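With chain D fixed as given, assemble chains U, G, V, R and L onto it according to the hints.
6 protein chains.
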Amino acid sequence: MRPNALIAQWQDGKSATNCWLTLGDPSVAEIMAHQGWDSLTVDMQHGQADFAAMRAMLTAISTTKAVPLVRVPWNEPGTIMRALDAGAYGVICPNVDTREQCEQVVGACRYAPQGYRSVGTSTMRAVLYAGSDYISHANATVLAIVQIESAKALNNLADIAGVPGLDMLFVGASDLSLSLGREVRADSSDPIVVEAIDAILAAAKKAKLRTATFCHSVDYARAMMAKGFDLVTVTSDQGLIASGSSLSAQFADRSE
Amino acid sequence: MRPNALIAQWQDGKSATNCWLTLGDPSVAEIMAHQGWDSLTVDMQHGQADFAAMRAMLTAISTTKAVPLVRVPWNEPGTIMRALDAGAYGVICPNVDTREQCEQVVGACRYAPQGYRSVGTSTMRAVLYAGSDYISHANATVLAIVQIESAKALNNLADIAGVPGLDMLFVGASDLSLSLGREVRADSSDPIVVEAIDAILAAAKKAKLRTATFCHSVDYARAMMAKGFDLVTVTSDQGLIASGSSLSAQFADRSE
Amino acid sequence: MRPNALIAQWQDGKSATNCWLTLGDPSVAEIMAHQGWDSLTVDMQHGQADFAAMRAMLTAISTTKAVPLVRVPWNEPGTIMRALDAGAYGVICPNVDTREQCEQVVGACRYAPQGYRSVGTSTMRAVLYAGSDYISHANATVLAIVQIESAKALNNLADIAGVPGLDMLFVGASDLSLSLGREVRADSSDPIVVEAIDAILAAAKKAKLRTATFCHSVDYARAMMAKGFDLVTVTSDQGLIASGSSLSAQFADRSE
Amino acid sequence: MRPNALIAQWQDGKSATNCWLTLGDPSVAEIMAHQGWDSLTVDMQHGQADFAAMRAMLTAISTTKAVPLVRVPWNEPGTIMRALDAGAYGVICPNVDTREQCEQVVGACRYAPQGYRSVGTSTMRAVLYAGSDYISHANATVLAIVQIESAKALNNLADIAGVPGLDMLFVGASDLSLSLGREVRADSSDPIVVEAIDAILAAAKKAKLRTATFCHSVDYARAMMAKGFDLVTVTSDQGLIASGSSLSAQFADRSE
Amino acid sequence: MRPNALIAQWQDGKSATNCWLTLGDPSVAEIMAHQGWDSLTVDMQHGQADFAAMRAMLTAISTTKAVPLVRVPWNEPGTIMRALDAGAYGVICPNVDTREQCEQVVGACRYAPQGYRSVGTSTMRAVLYAGSDYISHANATVLAIVQIESAKALNNLADIAGVPGLDMLFVGASDLSLSLGREVRADSSDPIVVEAIDAILAAAKKAKLRTATFCHSVDYARAMMAKGFDLVTVTSDQGLIASGSSLSAQFADRSE
Amino acid sequence: MRPNALIAQWQDGKSATNCWLTLGDPSVAEIMAHQGWDSLTVDMQHGQADFAAMRAMLTAISTTKAVPLVRVPWNEPGTIMRALDAGAYGVICPNVDTREQCEQVVGACRYAPQGYRSVGTSTMRAVLYAGSDYISHANATVLAIVQIESAKALNNLADIAGVPGLDMLFVGASDLSLSLGREVRADSSDPIVVEAIDAILAAAKKAKLRTATFCHSVDYARAMMAKGFDLVTVTSDQGLIASGSSLSAQFADRSE
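Protein chains in written order, with the working numbering: chain D, 1 to 256; chain U, 1 to 256; chain G, 1 to 256; chain V, 1 to 256; chain R, 1 to 256; chain L, 1 to 256.
Where hints are given, some of them may not hold.
Unchecked claim - Simulated coverage check for chain G against chain R, where a stretch passes if three residues somewhere in it have a Cβ under 8 Å from a Cβ of chain R:
1) 48 to 56
2) 70 to 77
3) 170 to 179
To be verified - Some chain D residues near chain L, calculated using beta-carbon distances under 7 Å:
4) His34
5) Thr59
6) Leu128
Claimed, not checked - Distance condition first, Cα-Cα at most 25 Å in a straight line; then the derived DMTMM-like pairs of lysine to aspartate or glutamate:
7) Lys205/V with Asp167/V
8) Lys152/D with Glu100/U
9) Lys227/L with Asp12/L
10) Lys206/D with Glu103/D
11) Lys227/V with Glu183/V
12) Lys152/G with Glu103/R
13) Lys208/G with Asp198/G
14) Lys205/L with Asp12/L
15) Lys152/V with Glu100/D
16) Lys65/D with Asp133/L
17) Lys152/R with Glu103/L
18) Lys152/U with Glu103/V
19) Lys65/L with Asp133/D
20) Lys152/V with Glu103/D
21) Lys205/V with Asp187/V
22) Lys65/G with Asp133/V
23) Lys152/L with Glu100/G
24) Lys208/V with Glu103/V
25) Lys152/G with Glu100/R
26) Lys205/G with Asp219/G
27) Lys208/R with Asp159/R
28) Lys152/G with Glu195/G
29) Lys65/U with Asp133/R
30) Lys208/R with Asp167/R
31) Lys152/D with Glu103/U
32) Lys152/U with Glu100/V
33) Lys205/G with Asp167/G
34) Lys152/V with Glu195/V
35) Lys205/L with Asp167/L
36) Lys152/L with Glu103/G
37) Lys152/V with Asp190/V
38) Lys65/V with Asp133/G
39) Lys206/D with Asp159/D
40) Lys152/R with Glu100/L
Hints were generated in silico from the structure; no laboratory data involved.
Small disclaimer: the values here were computed from a predicted structure and weren't measured.
C-beta: ideal position from N, C-alpha, C; glycine also.
So that you can see chain D by itself, here it is in the shape it has in the complex (with noise of 0.2 Å):
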């Protein structure tokens, strides 16, 4: 099976890179998927893309060596089973608060015994991408994540982190500054939320977790990466346009 390559940068100390891809726009993923990141995020939760969308993506993705991640819109084990047959190495499971919801997302990304994972056909995509050994592989190369971004969650950290078979806890700073009480704000230096995401930082650690963040700007991923954390998303395809055209708007401003 191919190897899962966050894994073994992972294991030879390096951070990763992130992109999120919220356009839902399979071009726009392979555009992004030549530019070097070391894996790209499909997203369905805030993102675009729909299950169709998603596919093609990670076909698209699949023209290069960048690593596909999917964020679910849910906690709902028929869509990340999906996305799995699809070919992610890697599913994030937003809002999860509990030991119980965590373990229904870890379950449906293992195959029996140590989860509930429906075997596909034999002919299911991500057998295209990752080789016939796929079933005898996939629980220990694809990763199970899951995102904490509430007080609730921050409460049940050791039982969440516990929960066998998971990879990785996913920092959710803008849910979890409101769930705390505070302003969404790009790259917090809010002192409740800094602590929380330290808290989250040290359970993963303690559980030998990876740990995972979004960032606004390279300053905060050069940062989060100093911290300890071993994927930074580092920006989005829409953030470019966004940014982009906003310069550009400047010009169209100034020539009327």
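Same frame as chain D, but now just chains U, G, V, R and L:
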């Protein structure tokens, strides 16, 4: 943030008209949006819109002032949040029978601390439609609407209506009739069904909620407005095609 | 090969009804196919069907006995052949002004030696719909139809009508009116336009061709049938929505 | 209402053939529908059909007499109801392990009072396919089918089989093997798996339910029919492409 | 009819900005439409928009005041007319080398007697966008634009510019450079290319036509406006993603 | 620029295998690309791929080393250029009967000064697939291929074969048979057809062009390779489904 014109209209004491979009066709949505309806509902339950169609339909509706609503297929938080991210100014959830189910719907429509709606990126479509201050005002602007359409829901009426943050009860007369052991009839005058509808209306008024119902004729719609309903669904895109075609079909018959 | 029911109907001395599908929506096509029309036209010129939609609409129509016709956007052999491969039992080409243009249309509809239609694979959709002996009988079954809709075409009427293999002249009254310097009117009674239509009808009858025309009312359609037209297009999917909505819009106005 | 041909076939004592559609491609569905299968299954779990594809595939299948079934991705009432509204004559739900899960499936397939399926508009696709009396007869016509594919489900067999309104148990041998700690094998002859399959068959017969299973060879399919299975899935669209291509690939190898 | 804001802007002596949409993505089109560009061009030649995407993109642009233009893939009347029916307020045709080719473009953009554009149904999208009096005013409102981009076209400049009804010459500097035997360069300062551009500008001014050109930097765009160009294309959606990503890619490199 | 592996293979004296993709389905294209074919052809003429499907199929093929070819529906420069921009490494144009038609095809495949192919943006898909030096090397890398399939083309063989820049003659035996007044047969042994094929092969060899032909059996394909054909199309996706299904259909028949 762009205000919700339905709220203003109701504050002025006016009922609002609504047309149901069941074809799942963005071109039809754009045509309908130019006909003068106060609001349009993209139906993802019995209609054919999936996520991609829904989003394109909301864009099409946004070329006009008609207020866009979405009926989701089921009480599933991921779908409710995606409809709101895509720019819906109200979400209608079918088959709400209990206070817990209602709380799940309303929570998915509200950012913390009122609910658990997840904060998307600053470039989600809702921000294009509503304005850059969307997150601050969304809780007070988007409508959380539940359908009351079973004997069980009737029994739990006060509990459901009492959920904080709920905006409207929508009468689902067909399912309600079946659940009460009565025949499904357009604009039913069955006394048992009428009594149930009156009970829903009364419970809503007592809890200071808005109310809505489906109508299959202009006369019935007028009667429902007179009765106190704040929003009446008068027809659907598919209904217009079906009724128009049956007239033409008669011509076709005569031509043979 | 499945016979073309329109040909049989005409041989029985009966005019045929037709409805125009402009929305490019396979679901609408399936609804319309169940209303009893003798034939349906997928409009790729002024309607919204592209190739993918056209093919899906032909499948939808094939769930019933309605005869499927396609209007192509322009006199382009590749498009005409693809419509036939997809199972159209007639192709309508707009804006045919000369004998050479007409020969190009008819040639694209006929396998050698009558024309230059390319032989597709034995698994094209037309074979599913029509039967495995499609290639042997297609030349005699599928209709080659050209629209006469300019002053120039009127001048070349006999030449156009004389092209071997042509089946039908379709009057394009709107373009014809404009080309003759008259206003575009639904079911026009402008004597210059009427005279032109009569000339087309006469030329067709002389050349033993079938004739068709658009109508915007049932009364006009009956009159055209009485005049000798073999196929009358009575309404369109978009027309039904528009007229139905305008009634509802009146209700909406009154409700304020 | 159009009767369910599978029910009639079973009443005549005949087993039925089934082909699995995993490509999610309406054109392939139409081709397959012309091959003489008794029934076809649109697979939304391990196959690639999403809602839009599923609906288009059901239309394509409706050009023939093949009975359309849909396997949903997960036990989610909204999806089950949408498949039925779109015209499925049977819904297969994967991973049903308990009586409660089975009741949720069956309830979603039945209008009140037998279940809680929501009544759609009178113009839903199912009415086009089945007839205008659909709502009155649907409960007795559409099949509610659950997959038995885990050790847990085996333990709950009698409970699951006893749910009123359930029509069929579908053996999921791959997942079942894995859950029993056995290797996944096509047409497995592993005695532990065979014993489990026999237990499912026996439980179904006792509860007067129909039974179905997947097969990967014609010989195995015949054996399963002889054993008493009412429906055998013989192959899939993707399987035919894969097996055919591997033959051609051998040629390709030799050509170098 | 909704006026063409570009015409008004030019009459006020102001140049207009333009952004090129090559991704063929309606969501990107909607984002871009909110950035303050005077106009947006849907590119069907080198961009990825096909008919369905183009139409959806025009709808998305119509949620704002940006003027929608379409570049067609080739000088083909059917495609030009479909773009206009879909609501384009200007059509750009590539590779126009002769007066006859130019006449074919302009004729396809004008209803009789000025041209041969076919009259669509009264419910085409252009009517929704522009108003019910579209057909009367379209000839004076929609822009007919041809690209001058070959040595041959340079030789025929006066002939091309003299075609009645033509509105604008659009410089295609890349193809022009290649055709003149020069290297393709962004914002080329090659004297032979510059001379050719100046000749096009002069010919346009002499014939009282508007002019446009592509720019790859804000500085060049300002220079072209100063030189007298009426419309400058400053960047593209794909360009913004590519340039933004290359910055991020540098970060990615450093992170390893 | 990524070299064209077919050219290298031919220079090594090896014939190449090809599979025809007629379903227009990107998932099928990805499956096929993993089977070991030297090249795959996306068929836009008799197959179902439109522009959007073609582009997605080229992306899917790019996950492997198979060389992607596209057959366009007709000799239309806009379509040929779009296929190349999307990353096709060869374009096959059907129905080329004269030197002028051949020159139009070849010119559309070559940048100036060899032809008139339009220079796209630096971010077109072909650059992602081929490399950033695409424009400099494309003329020597992408294959210009014309189909010889009529009596008229046979008469003009030397003229057609002599067009500078042409790479290959592709025998279209079905259309050729019909055009010569012979029956359409798979792998025809009709002496008149065989003689015509030999003439095409001879003319190609004389003009130092490559040759290709369709085959319907492995035996015929081997014979054609032995005869000197450089590329043989052995089967199609749809053919594999059809032949595989007919076997299964036999089982289905026996089961009743």
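Among all the numbered hints in the text so far, which are the ones the structure does not match? none
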